[in-house]
Amino acid sequence: AQTVTQSQPEMSVQEAETVTLSCTYDTSESNYYLFWYKQPPSRQMILVIRQEAYKQQNATENRFSVNFQKAAKSFSLKISDSQLGDTAMYFCASEGGATNKLIFGTGTLLAVQP
Amino acid sequence: GAGVSQSPSNKVTEKGKDVELRCDPISGHTALYWYRQSLGQGLEFLIYFQGNSAPDKSGLPSDRFSAERTGGSVSTLTIQRTQQEDSAVYLCASSWRGSSDTQYFGPGTRLTVL
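So the sequence lines, in the order shown, correspond to chains H and V.
Those letters in the first sequence? Residues 16 to 129, by the numbering used here.
Those letters in the second sequence? Residues 38 to 151, by the numbering used here.
The reader is advised that the hints may include incorrect statements.
Derived lysine to any residue pairs resembling SDA-like cross-links, with alpha carbons at most 25 Å apart [claimed, not checked]:
#	chain 1	residue 1	chain 2	residue 2
1	H	88	V	81
2	H	70	V	54
3	V	48	H	104
4	H	93	V	139
5	H	93	H	61
6	V	48	V	110
7	V	54	V	95
8	V	94	H	46
9	H	85	V	136
10	V	48	H	75
11	V	48	V	151
12	H	85	V	137
13	H	85	V	94
14	H	93	V	79
15	H	88	H	75
16	H	88	V	82
17	V	48	V	133
18	V	94	H	44
19	H	88	V	78
20	H	93	H	29
21	V	94	H	41
22	H	70	V	78
23	V	94	H	93
24	V	94	H	47
25	V	54	V	107
Hints in this document: simulated from the structure, not taken from any laboratory.
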C-alpha cells in the first residue's frame, strides 16, 4: 500500500523568505508520480508541481521547486520569495499502480507573514 | 477553458435524508474521481471512472454511497440515509486519460448533516 507522510502540521515564513515543506512516502510501485497541491481557504485544490519518479531531475515551476530523493523516499517542496498569496494548506500526494488514485498526506498549513 | 465545476457549493441536510452531489469535469477528460475531505480522515479516495470501463469503487465507505457517470461526462455522487459522519467536503477531479495524468480539482461541495 502507498502511504504519504507530512510531519509538519503548521509552518510560518516571512514574506520574501524561503521555506521548505517536508514529505516522505512509501510505495511498492516501480513507476509512480508525486505531486504537491495547494488548497487556499477557497477550498480549490490547485496543482503546484509534479514529479515523475523515473526522472532524476528535480521539477521546478517558477518559485516552487522540489528536492526528490528517490532512495530516501523523500519529496520536499521549496518555496522561494514567499508571497502572501502562498498562504494555504499544502498537500503532498502520490499516484501509482493500476488504481490511479491519489494518496494524500495530512497537509501542512503554511502562513506567510507580512 | 472551463475547469471542473461542482454543485451545490454547500448542502445542509437532515440525518436520514438522501443527497445528490454533481460534478462536471473538464471537457475531453475521460477520467473522473471523487474524494472526501474530512477533519478526522483527511483526504480519501472514493471512486474512479475511466471511459467505459467499470468504475473502481474500492474507496466507497458503505453501501449508502453510490456514483454514476452519464455519457462519459457529468457524474453524480449519491449518499442515501445520510449520517452525521458523512459531513465533509466532497471533491471531484478529472484528468485526460487517468494513469499518470495530472488530476484537476473542482471547488468541492461542503456537506453538513444535522
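Run the distance test for residue 85 of chain H versus residue 94 of chain V: straight-line Cα separation, threshold 25 Å. violated, 31 Å
Decide if the proposed pair is consistent with the structure: residue 93 of chain H and residue 79 of chain V, CA atoms, cutoff 25 Å inclusive. holds, 23 Å
Within a Cα-Cα threshold of 25 Å, do residue 70 of chain H and residue 78 of chain V meet the stated pairing? Given pair residue 70 of chain H, residue 78 of chain V is violated - Cα atoms ~32 Å apart, limit 25 Å.
Are residue 94 of chain V and residue 46 of chain H close enough, with their CA atoms no more than 25 Å apart? Distance ~23 Å between residue 94 of chain V and residue 46 of chain H Cα, so the pair holds.
Are the Cα positions of residue 88 of chain H and residue 81 of chain V separated by 25 Å at most? Status holds; Cα separation ~21 Å.
Against the 25 Å threshold, does the CA-CA distance of residue 93 of chain H and residue 61 of chain H hold or violate the hint? holds, 16 Å
Next pair to validate is residue 70 of chain H with residue 54 of chain V; report whether the Cα-Cα distance is within 25 Å. violated, 49 Å
Holds or violated: are the alpha carbons of residue 93 of chain H and residue 29 of chain H at most 25 Å from each other? holds, 14 Å
Holds or violated: residue 54 of chain V and residue 107 of chain V, Cα atoms, limit 25 Å. holds, 23 Å
Could you grab the alpha-carbon distance between residue 88 of chain H and residue 78 of chain V and see if it respects the 25 Å cut-off? holds, 23 Å
Mind checking the alpha carbons of residue 85 of chain H and residue 136 of chain V for me, to see if they're no more than 25 Å apart? holds, 20 Å
Can the restraint linking residue 54 of chain V and residue 95 of chain V be considered satisfied, given a maximum Cα separation of 25 Å? With Cα atoms ~24 Å apart, residue 54 of chain V and residue 95 of chain V stay inside 25 Å; holds.
Against the hints set out earlier in the document, violations occur for numbers 2, 10, 13, 17, 22, 23.
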